[in-house]
Each structure stands twice: as structure tokens, then as C-alpha cells.
Amino acid sequence: MRKVIRAFAVAFLCLGSFARAAGIQLLQSDPALSGAIWYPCAAEPTHVKLGRLAVSADFDLKGAKDCPVTGTKLPLVIYSHGRGGFFGQQHDTAEALADAGFVVAAINHPGDTANDSSRRNTLSVWESRPADIVRLLDFVLKDWRDRAVIDPAKIGFFGFSLGGATGFVLMGTRPDFARVTGLCKETTGACAELHNGVTPPEPIRDARIRTAVIVDPAPGLLTRENLAVVTLPFQFWRSQFGGPGVGDGSGTARVADGLPGNPEIHVVPAGHYAFLAPCSAELAAAVPRICTDTPASFDRAGFHREFNAAVVRFFGEQLGEH
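Sequence positions in the sequence shown follow our numbering and run 19 to 340.
Please note that the accuracy of each hint is not assured.
Calculated cross-link-like contacts (lysine-lysine; reagent style BS3-like; alpha-carbon spacing at most 30 Å) [claimed, not checked]:
1) LYS67 <-> LYS80
2) LYS80 <-> LYS91
3) LYS172 <-> LYS160
4) LYS160 <-> LYS67
5) LYS80 <-> LYS172
6) LYS91 <-> LYS160
7) LYS83 <-> LYS67
8) LYS172 <-> LYS83
9) LYS91 <-> LYS172
10) LYS83 <-> LYS160
11) LYS80 <-> LYS203
Since the hints were made in silico from the structure, they are not lab data.
This one's a predicted model, so the numbers in the text were calculated from it and none came from an experiment.
With the hints as constraints, model all of the structure from the sequences given.
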């Protein structure tokens, strides 16, 4: 029987027992690799100024910038953000993983970020997004200055929203474009491309990924049939009430019902944006749309303490305790 978790009173790992802070290095010299790498270090965290990587609001990333990496043979988690998002939108989860001994690498998906919508709502994102993750993984393993600390046999993936669907593609899923063509009502973007006979891109798989955490994935192209090829262990999260990019929650419920194997499934009694990092008062005032929870009484900060611990625990089980 599948393990479906609906409440969050479970006691997970105590995040306070890990290393004192996440180190962080910003990636800003290559537009195709704009983001950050978090990793374990022993220095005190401070507010990190993002410079040219900044978006319109301050997400209050914290870390010890450019501090020395502590540890060796560290597992690596690659992160993929949602449609129109940015690499730091779930920074608290990255920080928790780094505190627990993981390296976490995240970049903006060119053309589908908060500052660049040139690819958004096009078929091309189904090729470019997986290719972005492959490029990031190549960089971290081959060119990152601290690449020697990584164990290349211990690679995980974390994806949210469209990033979650990206993860399924990287694990072998072939998106069902025919299904979406039949449902499409829009006359622009990917719907128009499909109705006009544009050939969808071939999916890109990366066999280096050994496990994944998939969070509230965009459900339209995912079916029981195309997910059946996924054989890697993964943890699956969905919101009960959904939101932009995932609909009313029924789509992700359908996906959850069709998942292969025996994954650990979590159903969160909130909306889609509950998975984004808790908002400061300043961020809530600047971008209320992503900081307003459904229901309004939902405790996002409390949930994230348990969400982050569950993610850390799962990756620890799959990639080895560090």
C-alpha cells in the first residue's frame, strides 16, 4: 500500500542538529548558468545580496557566501524552479539540505523566469528545461571549482511545478502532447503550436539522476501510461487546492493516482504556493500573490519546517546519510 501522508504532526529529523549554516556561491558569469550552489560550511549565515541575479522582490536568501566547503564525497541535489520562477524561490529547502551535508545547485531556466518570459508557454520549454538541468549537472561535476567534494554516484533531483514535470522527463517520461492538444482551448503559445502541427521536442533523459523529490508538478502532459517508465525512487508532494500552473488540484490528484511503484506521497491541505519559501512581511507586501495561502490560516512557516525535514530525510535515505 502506498504511504500517503495528509497530516504533519510526524516528528522528522531535527534540522538544528546539522551544520551551522549553508555556504553559498553565486553563479553569475554565464547567462546560461545563472543561479547558486549551496553547500555545508561552518560559518555564520548572513543576508546574501544577489546583485545582477536579483528579481523584483527580496526573497531574503541567507548563507555564508563563498565560505570553504566542509566534507567530502557529498551527495548533490539539482533543483528546477516553476514556470516564471527563479532559482531562489525555495531557498529555505536548499539551505536545509546544505545544513544536512548536501550540495544543492540551482539555476534560472533561460526564457522561463521572473525576469525573462521569452520561452514561456512554448513547446520549446520541454526541451530547454531538461537541457538546462543536464548543463547544470555537467558544470557542477566537471567545472565547478569545488567539484572534488561531490560523489558523482549520489545525485538527486528536486523540482517544483513545471520543474516537477521537468524531473519526470529527466527520469524517462515522454510528455503526452496528444492529450494536451485535445484539451487546449487557447489560440496562442504551446496550444497554437500543437494545433498548427509543430513537432514537439524529443524528451531528454539523464541517467545520472538516482532519485527525486517531485513537488506539485504541472499535470497536463503526465499520465499513468507515460509515468510507468519511471523506475527510480521518488517522493511526491501535491497541494490539495492547487493554483496557477496546476489547476484546482484535481490534475495532480490524477497524477498521484497513476504513479508507478510505491512512492511516498504527501497531500498538503493548502494551495500551490505553500511550497515556496515562507515570506517576510516585505516580500508579502511586494508579491502578495505568491505569499497568500489557501486557506488563509495555513501555517506556511510551520509546514516548511516539516517539509524540509521530510525532504532531507528522504534524500538521506536514498543517497546516504551525511
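### Message
For each hint given before, does the structure comply? Return the numbers of the non-compliant ones in rising order.
### Response
Violated hint: only 11; rest satisfied.
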